[in-house]
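A.B. asks: These are the residues of each chain, in order.
2 protein chains.
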Amino acid sequence: MNTAPSLRTQVKRGAPKASYDPALLHAIVDAAYICQIAFADAHGVHGIPTACWRRGDDLYIHGSNGSRMLQRLTEQDCCVTITHLDGLVLARSAFSHTMNYRSAMVYGRFEVVGESAKRQALADFMAHLVPGRQALVRPGNDKEFAATTVMRISLAEAVCKVRSGPPTDDEDDMDIATWAGVLPLTQVRGTPVPDPQCTLPVPGHVRDWVTSGRSFPASARRNRGRCR
Amino acid sequence: MNTAPSLRTQVKRGAPKASYDPALLHAIVDAAYICQIAFADAHGVHGIPTACWRRGDDLYIHGSNGSRMLQRLTEQDCCVTITHLDGLVLARSAFSHTMNYRSAMVYGRFEVVGESAKRQALADFMAHLVPGRQALVRPGNDKEFAATTVMRISLAEAVCKVRSGPPTDDEDDMDIATWAGVLPLTQVRGTPVPDPQCTLPVPGHVRDWVTSGRSFPASARRNRGRCR
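So the sequence lines, in the order shown, correspond to chains A and B. Residues -3 to 224 (the numbering used here) are what the first sequence spells out, left to right. Residues -3 to 224 (the numbering used here) are what the second sequence spells out, left to right.
If you're looking for bench data, these hints aren't it; they were derived computationally from the structure. Errors might be hidden in some of the hints.
Given that identical chains are not distinguished, each listed pair holds provided it fits within a single copy or across any two copies.
To be verified - Calculated lysine-lysine pairs in the DSBU-like style (CA-CA distance at most 30 Å, straight line):
1) K114 to K8
2) K13 to K139
3) K8 to K139
4) K114 to K139
5) K13 to K114
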């Protein structure tokens, strides 16, 4: 399970923190609303954030047909990165400070999702954002679907890197009388803010979104290491 | 103030959401602990998350001297991306759904920070993470500093993109009886978790970190637009 699927997914720095476990990869992707896509064009390399979601072993994105990025992504391999920052790790020595995080990098080539699968894919996207909402909104019309491109990339060539847990100071530093531990950072779902022009009560699917949060498997929290 | 400094920082999609205001750029960088760096090597393009901080008009990163990424970054231009996701924007029609966010993309070439400035730069890094901590930890020794590379990139060639506020449905969709509004997402600082081997009380600089949070100028929240 912990063998890199390719040369470019081999982790050299902090190798003990690397994982190729598909369940971990899926959990990291599912906990994300956005990814960042690194690609190149005539002007150089770019890293552009965009919304993402998963179905099976593919990660999906969407955009306008005219998007420069989407056009380039059919022509070349790219790298999709997702990062969740979970905390600052305060050690007894300056250089042992690090961060707790869950990250995934996916390499490969996006392909355009055909017309027949596009509507299901965008329904999956809505279900990822706010489960239960799709049936309550005005669905896309033919013109809107025609103007939109959906693309997917296989999750087969991917690597996760996770750091969790307390600091790991050198033995020589353990007697330093300085507080050490983790300062947690969490993405929290706040109280819904109604559109000023909306007087309807907050519906069940929105209340559910606030209360449900996203769980993350304990297995992802077992690794330890140091970044710096 | 709203003129792109270069061809590659011109925003084509959602141009009204673009800004070249240095104060906004500084605020977005200062609110971040990590950035993602897009660069290329013989294996293709990569997007790698790494810790960052700002001093003046430069963004700083650091790493091991042996880091593949740091070595490549002196040889080529790259793109540094920071993204803060602020909420999901629920509209009355499926295709008017979008997200609220603050993002920045910085283009250019990193340069290595010389030995004389390296120690101050890493002290700045600690002050960015947890103000007041530097004097309380075992500082770096000559060996640790010698093994670490600090790099900086000018913020001169950069573009910010911000979306905030309620959804913007088409006029024809305003009568649809579906709740519309924003589901806020916020990075929250949690209760410090002491190292199991640490029995010291939580010190003032850690308590201050929890309570201070990071402010963000109201000017960054004025823009509206639609992403999809």
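A.B. asks: Of the numbered hints stated earlier in the document, which are not met by this structure?
C.D. replies: none
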